[in-house]
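> Construct the entire structure; sequences and hints are all you get.
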Amino acid sequence: MRRFFLTIAVLLALPSSARATTWAEFAVFRGFKPDDWIFSTEFGLLTKEPYLLSVGFLNWSPHLDVDPQPYIEAGYYTEHQKFIVGAIHAGYKNEAILGYAYDFNRTWRVQIDWLSGAENSSTIGFTCNITRDFQMNPALYINNGPGHDLFGYVVFSYTFHLWGKTGGKETEKIGK
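Here numbering that gives the first Met the number 0 is used: position 170 in the sequence shown is 169, and no number is missing along the way.
Everything labelled a hint here was simulated from the structure, so no lab data went into it. Certain hints may be false.
To be verified - With a Cα cut of at most 30 angstroms, we get these calculated DSSO-like pairs of lysine-lysine:
1) 47 to 81
2) 92 to 81
3) 92 to 32
Unchecked claim - Restraint-style ranges between C-beta atoms, simulated for each label pair:
4) 106 to 69: 33 to 41 angstroms
5) 109 to 66: 30 to 38 angstroms
6) 155 to 25: 17 to 25 angstroms
Keep in mind that this is a model prediction, so the values were computed, not measured. A virtual CB, placed ideally from N, CA and C, is assigned to each residue, including glycine.
Now the structure itself:
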């Protein structure tokens, strides 16, 4: 699942997300400077691997009068390789989404993705599952515009199980 705003947001504010079911996820970003609330969601229409199909929206900011950006993504997931293709409507135009990830094992994943448009970026990075609930995700953004500026970031995330303790079983199924 893509969270373009969440990867940068961790450095600037307080993001949080909730997975309501195995097919629905909601995310809220609470910005401090500027004072803002940003909402995103994702619904899995097809969640039976190897085929995945999701729709949702990103970056909706009612406070700053920013419209939601609807998207659709299709994926083909094998045990180790994950392929994503999609489209997002942002502002006045449609943009392409491409992504690839390779899972070496339950701990290590390398990933790249690209979002079309000169104002967007390509990303390369990796994920390390330090535990089944604690992850580290350092990556490098490469701006698509002139100059191809580089921006580094690292995200640490922890999953709190609010109900239905999975004991990491869902992670086992997904991240072999």
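> Next step is simple, just say for each hint if it's right about the structure.
Structure-based check of each hint:
no., hint, in the structure
1, 47 to 81, "holds (14 angstroms)"
2, 92 to 81, "holds (27 angstroms)"
3, 92 to 32, "holds (27 angstroms)"
4, 106 to 69: 33 to 41 angstroms, "holds (34 angstroms)"
5, 109 to 66: 30 to 38 angstroms, "holds (34 angstroms)"
6, 155 to 25: 17 to 25 angstroms, "holds (21 angstroms)"
In the structure shown, no violation is registered for any of the earlier numbered hints.
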